[in-house]
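Okay, here's what each chain looks like letter by letter:
2 protein chains.
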Amino acid sequence: MTGRSQPQRSEPRRLDARSADFEAQFAELLTAKRETAVDVNNDVAAIIADVQARGDQAVIDLTNKFDRLSLKGADDLRIPQERLDAAAANVSTETLDALKLAADRIEAFHAKQLPESMRFTDEAGVELGHRWSAVDAAGLYVPGGTAAYPSSVLMNAIPARVAGVERVVMVVPTPDGIENPLVLAAAKLAGVTEVYRIGGAQAVAALAYGTNTIAPVDKIVGPGNAYVAAAKRQVFGTVGIDMIAGPSEILVVADGENDPAWIAADLLSQAEHDPSSQSILITDNVQCADDVAQAVASQLKQLSRENTASASWHDYGAIITVPSLDDAIPLVNRLAPEHLELAVADPEPLADKVRHAGAIFLGRYTPEAVGDYVAGTNHVLPTARSARFSSGLSVLDFMKRTSLVKCDADSLGRIGPAAVALADAEGLEAHGRSVSIRLNR
Amino acid sequence: MTGRSQPQRSEPRRLDARSADFEAQFAELLTAKRETAVDVNNDVAAIIADVQARGDQAVIDLTNKFDRLSLKGADDLRIPQERLDAAAANVSTETLDALKLAADRIEAFHAKQLPESMRFTDEAGVELGHRWSAVDAAGLYVPGGTAAYPSSVLMNAIPARVAGVERVVMVVPTPDGIENPLVLAAAKLAGVTEVYRIGGAQAVAALAYGTNTIAPVDKIVGPGNAYVAAAKRQVFGTVGIDMIAGPSEILVVADGENDPAWIAADLLSQAEHDPSSQSILITDNVQCADDVAQAVASQLKQLSRENTASASWHDYGAIITVPSLDDAIPLVNRLAPEHLELAVADPEPLADKVRHAGAIFLGRYTPEAVGDYVAGTNHVLPTARSARFSSGLSVLDFMKRTSLVKCDADSLGRIGPAAVALADAEGLEAHGRSVSIRLNR
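Sequences listed follow chains R and E, in order. Take 1 as the starting number for the first sequence in the working numbering and just add one per residue. Take 1001 as the starting number for the second sequence in the working numbering and just add one per residue.
Check before you lean on any hint, since a few could be wrong.
Rough simulated footprint, nothing fancy, chain R against chain E, three-plus residues with beta-carbon under 8 Å [to be verified]:
1. 1127-1140
2. 1299-1312
3. 1403-1409
Calculated from the structure, these hints are not laboratory results. Where is the CB? At the ideal position from N, CA and C, for every residue including glycine.
Pulled out of the complex, with its shape left as it was, chain R reads as follows (with noise of 0.2 Å):
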């Protein structure tokens, strides 16, 4: 393998499950960290804080300095659905097929995610269940620039309308005034009933407390910088949020029989995205090791974002040979990757192994990208290991559930007794008092 010899600004770290060192080095690059942590928590508070106060006035202060408009009222805040109508007219066909296509399949996948309500009366007589229901409004964030994705806009707005969001809200600034047609299409097409030309923390705190042009909404989901991100904690609690997003992941577990071109288009695929990207490679043969690495390099050549891609798989990728691909599972699990592609003939009974990944995609002929547009699952997952402990976006971020609880005298008369001897054991003698009265009647 060449790259070895001759280091350069491509070549990512090598790691040898079988080298002494190993662990040591596995755990330096399970603990690397990939965020410069920017402290903007003061500033967004007072951007917040003047939304709280000013409304209207603030956000269109906010937004002519940030992103350098004039508006002159609140009435210039809202992008009209003339505005997204004129932008998907004015989409290509390929490209508004494409979309449609892909909001098709992300809205009949995330159908099935719909939870049931239960209601079920058990032994002791009492009544139970619980009652799923949609929140009345959700808040998507979609950034501006190059980060604007219009598959991210249907990635967050379709499951809001499948769970049955009623007021889907987004906001994305227009720096300059420039707008995104993409964006606007794709918000036209997955049913987003207002749009504002607003970002930053001044379009968060508005989605959390409202204005008199913005009706305030219960959820705030969708990626943002460092400001939306430290406003979306701050306003977490008045509202509810998604997680906050990392940059993206990769972890192909690939053998010896892959075209190692195939496998390098993947690892590159999520390097272009970030600087801080992480795509990672484990396999069971040196040869494929080499070999991915090498095209790797050569793709990187040819593509527009080569310095970002080159950047993320020098500082934060790695190849990793293990013994067997059975050695890989322990590494996966404590990875816990967003995105891991399983490039083997038979993939299940390693797939079956893994613990923890926000998806897995299955055999050779599955890209990750399927799953960035057009899968139907949702390219909205878990980064930074956090797949130990959260999922991708779904249905169920966009709706809560209601317990239900009814006994009647003979039911209260069976559990109650528990009740009071439990209030009386933890000293909440009013707790115990509204079931004893009720007994004995």
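Put chain E on the given structure of chain R with help from the hints.
Here is chain E on its own, set in the frame of chain R:
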């Protein structure tokens, strides 16, 4: 009604939906701040950093300092299984039986929440699905002192066990060395696998980052003081956390056919929790309003926790009269209460119109307190209007979902071109290539 003309400490606010200033009064009730947010973030950050740096020794030092103990080594941190066994052996039969009845009912209800994994092949030939799995380890925070409730141990630990969590780790401070035998007995009953005598931010840090003695967990749940809440917020992302619980709430909707003493007992059952708790009655019957107010005043005097309940009822309690119970529904949905009682003969039609509530207790024989102990539903429920967007604790809080996607050459041929088109439109060349390289073979 005498109370109104003779204002006294136990008198709550009275609102009449027919009065001209009702909307203003109700809006004020909605936004009344019930928590004094002490900013302990810097203290907490220092404690977390100390535990990350010094591990066990930091936990020992902080525990000795804050809980006035003299632990010598890491071995002293754990409360061994024999202590749990001994605690259970010393609990009265009545209390232990009540705990067991509660545990069995909680387990039975939560078992019905277990989600089903899903796998199917769609018309394009793409195999899709998702798989639910439990987190590896959960940490349960239990406060020391008066707020330590064995019922809360059951409510937090049993859903984790039902979900399939292998390690359920409880932390409970023992200030001055005093253990709570009921809490330890509940831990044994609920299948907690490890118990440590630690609390505060140091316990949360130990659970999140691990020490030599305490292996890290993936999810931390359970109530705590301002330090615990701040610590949970700060470690969020490294681990999952449950919601930050606020003071408890009850909203009773009652017609004129109730025994006022029953309704008064229900209102007091939450008022006795905390001076910041909130108990509200909505009724279509002015006589009921007056009678319940009087019954509360009279029952208050007999309560051991009179001061707490009286402060809560006076400062945050409310009695609202409405023309008809249908007029109560919009108010219920705006309040989005943690606990809602529908004390009417036929509660179902009203319940069907409720959009936002943590739990609904249906009919005259279902006091909220049965839900605190023995109904089987969870008593960890969303407070402070967060029922608009969040749910009570459930097995889902201890599980996560992995998406599954599997294409073959044919199905990739069907959906892949759309992915390439979208990747092109988004300027993500490597994404497109990872798909196109597999097409046309």
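Evaluation of the provided hints:
With 6 residues having a beta carbon nearer than 8 Å to a beta carbon of chain R, the region 1127-1140 of chain E meets the requirement of three or more and the stated coverage holds. For the region 1299-1312 of chain E, the stated coverage by chain R holds: 5 residues have a C-beta nearer than 8 Å to a C-beta of that chain, and at least 3 were required. Residues of the region 1403-1409 of chain E with a Cβ under 8 Å from some Cβ of chain R number 7, which satisfies the need for three, so the listed coverage holds.
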